[in-house]
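One line per chain: the protein sequences are A and B, in this order. So that you can map any letter, position 180 of the first sequence is 180 in my numbering, and since no number is skipped, the others follow by simple counting. So that you can map any letter, position 618 of the second sequence is 1618 in my numbering, and since no number is skipped, the others follow by simple counting.
No wet-lab data here; the hints were simulated from the structure. Keep in mind the model is a prediction, meaning the values are calculated, not measured. The reader is advised that the hints may include incorrect statements.
Reference listing, derived: stretches of chain B covered by chain A, where coverage requires no fewer than 3 residues with Cβ under 8 Å from a Cβ of chain A [stated by the list, open to error]: (1) 1440-1451; (2) 1625-1636; (3) 1674-1686; (4) 1689-1703.
Every residue, glycine too, gets a C-beta built ideally from N, C-alpha and C.
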Amino acid sequence: MQFHRAQTLDEALDLLGELGDDALVLAGGTDAVIQYLAGEIAPEAFVHIEGIEDLTTVSLNHRTTLGPLVTHRVLATDEVIGAVHPALAASARTVGGWQTQAVGTIGGNICNASPAADTVPPLLVADAYVTLASRRGRRRLALMDFFLDRRQTVMDPDEMLTAIDLDPLPRGSGEVYLKVGRRGAMEVALVGMAVRIGFAADGTVDSARIALCSVAPTPRRVPDAEKALIGSRLDGGVFDAAGEALRAAACPIDDARASASYRRRTLGGLLERAAIQCREAVTS
Amino acid sequence: MTVTVGTSAPRSDGDAKVSGAAVFGVDFSLPGMVYAQLLRSPVAAGRLMSIATGTAVSMDGVHAVVTAAEVPNERTGIVLFDMPLFATDYITYEGEPLAAVVAETPEIAKAALGAIEFEIEEQEPVATPEQALAPGARLVHPGWATFATMGNLEWPRDGNIVSETVADPGDVDAVFETADLVVEDVYGAPRQYQAYLEPKMALATYEAGRFTIHVSHQFPFNVRDRVAQTLGVPKSAVRVIGHHIGGAFGAKLDLGLEAYAAFLARRTGRPVKMVNTRQEDLLTAPCRENAVVKIRSAVDSAGKILALDVDVVFDSGAYAIDAPYLTSIPMFVFGSVYRVGTARVATRAVYTNTAPTGAFRGVSGTYLVFALERHMDHIANELGVNRRDYRLQALMDDGDEMLNGQILSDASILREAFEVLEERAPWAELGKDPLCGVGMAAAVWLTNPAPGQATVKLNEDGTLGVITAATDNGSGAVTMGVRQIAAEGLGLSADQVVVTMPDTDTAGYDAGSQGSRTTHVVGRAAFEATAEVKNSVLKTAATMLEAAEEDLVVEHGEVHVTGDRSSRVTLAEVAATAMFTEGPIAATGSYTTPIPAFNPTCATGMLLPTWPTPTYHLHIAEVEVDPVTGNVIVLRYLVAQEVGKTINPQGVAGQIQGGVAQGLGYALWERLDIEGGKYVQRSLETYGLPLAVDVPDVEAVLLQHEASAGPYGAKGVAEPPIVPVAGAIANAVADAIGRPIDKIPITPEAVLDALEG
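Sequences and hints are given; from them, build the entire structure.
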């Protein structure tokens, strides 16, 4: 196995252009190294990009742009990011433990394409786009269209994620990330749910975005559940209908961590809890 | 007045462990060392048809490859001699060793393991105790009726039943006929992995006809004895040297890798090091046994328990290890806390095609107390009475007899525990909020009585050296307890005492760090040795000061005449003087707890007949359940624990906090499910140990009753705080959700099921 350390984006793209399929981009390595040691992946080469300073930047404008090497720890603790991306910050705080957060990156969390990627649902409710670069050029696409299947993405072998851009939380909206896990840290999400709701002055829901992880091969938005909330005041039977839509959209698995039926049965209650927290965030 | 006993003197290994300087077993190395690894069975049951090592042997850097055919492969054990080094014709569990490779590097060893060719005809495993006990079940060990035993003990070899303890006074069924109320329950408990930080290791050398084995092991003398037994050599041909232990919790009491390393060191002439991978360790550690407890009580109209009928079946896995001892434990748990009238207690340990189970802190007690205390809640709820009041009226009193006929002379200490926790946190005020609940569980636990020894010498600089094979498995029993006890004897501070690491060549026998025995038993030995050293000091000092021994005081590192500190000599001067008058000052103390009186006909198959130096425990838990996730949040946790005498308050607090944390893991998070004889959870990621963020600060009240034979009255402390936890938590969760909890761990699924009715 070869190990290449790229100091600039150009170096990294050159290496990927040469090595193509044989290479795996390594950032914090919190999942890739585990998979490598367990024999689940066997790349010919690692291209280590953690030292590329340009990819660690954060810019906050009408859209927020994050470099892929922004760590979970930065997302979890930076007060400015936390103010406009509270769900993303909350999700980063639930990744592994402090050690994993210190080296794990948002780009790694996305490109690893785990069904349980904690930061992806908050990105989805913020209408995130990703920019992919290669020696051949650049393209920008919706994060929703990035994932093909468990651990499969639309990225070509010579491509690398270079930026993520997303909508900050608008005024009058609240957002949360709720994670189901048995313990308070070090958990792979059994279910992860990000919810962003916009409220009219009279408290009516005028926009709703709901995204899930760990209930399907890829993280996903659930438009039917979103529609069920819009126009309501989060009362009546609204959560019954929305919960039903969530359960219909979920196709979780049974594994050593939890049963599929358990994952499914938490969805309705979780949405209700999330929606009410969104409202509290707006009114407080 | 004591000088160091009763203070939180720092542990002698603390700085080294925090800074990383401490050399644990896995860190230890020797020049010329080579590495061995085991080929382990990938299947739970089968016939080993062939094994070929030729390719592996011929690989560069491989020193040796051995199988059953090339080792002394007599079956050995601590009670029942059922375990060979390597599987021969049949395989009994996933992970059973089939062969070993010695190579220049761990990487070469691993590659060579992959080059061993073997053929297994897989069999349907006997995966559960129910399958093992079913009529016509295949025997896990077809020839086990002929296996030898320790001391030629004999017992029935019936089916897959490894051993059985039955107490049956004969009148139980008749009393049930007269009962106003019969309450019946079935409880289930899973395995629990000891999950220490340092996986099992051994490093062995062979020189001039003797083995030296470097270990991080709780019981170096057992390693000596078991390696000698396994390799067929005299005990004196084996020397065991202990290093810092990265946690053990009972899993490092019997042989692990030591006999393999010793054999391979002799075979290759090189120091041989072996370290389990984490997955090997998890798959093969002697976990706490899974068990099913059936319990039935006959209750009269006043609520009094007239008779108890208990049936316990636990899973010994593929080998017996200590199971023949453990079948005695239910008699003590069910007959030491509450008056239960006449009681029939039958316990069976059963062979299955799973990794052998063994000792884990609070052996068997964790699930037995869970069963008894859930059952007590059940009876109280049936009767419609307050659960705390119901326990108080049933508590045993001073002078009551346990089921083995042993008298509990100080049982009222437990009543005191109920009172002190009531003052701290009134029962009626706990668990009142929606989805909250409160539970309690009590226990009487033993202090292991097995023998130990300590030699104390006065150094010429006035400090003390303690030579003992007692091991500190991390609890502080040696680095705080024994050290402070020796210091106290001469009025020194703890940092003026150095205690050796274990070495079976240089120190007297020690029965290992198990059952909270070290502070009590070895502490007592050190106490007596130090008293003798003090006598020698007084004798020499009396001559030096021209005073009578009875007029002398030893304090602050010197000896002076009572009331006249100008007439004094330092301990250093005394030691130097004694060197050339009486000879060097040193003394050896030995101790083993006398066996309490008991009724030898109370049960059959009772290898552990008494419950020596009992201590008393009450735990109260307050919990909240999350109705969306089913998770349980522990809001508050209280412990009242009787310790005899506190030697080191910080040490005791740490053991209670740690024991409760480990008990919470067992009750709520840790999972080791078995499917087809194999563990479902195969890494720490899915196993689910408790984390600091999930465990509340435990509020502990220590009850001191200094009447015991231990040093300054100290009894065992470290083992029991895990014992009542699952009972207290399960009762609290059941209270919160208004439905019974009859299985641990209490999974979120089970909580949601119960909430949804």
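Cross-check of the supplied hints:
{"no.": "1", "hint": "1440-1451", "verdict": "violated (count 0)"}
{"no.": "2", "hint": "1625-1636", "verdict": "holds (count 5)"}
{"no.": "3", "hint": "1674-1686", "verdict": "holds (count 5)"}
{"no.": "4", "hint": "1689-1703", "verdict": "holds (count 4)"}
Hint 1 alone, counting from the list given before, is not met by this structure.
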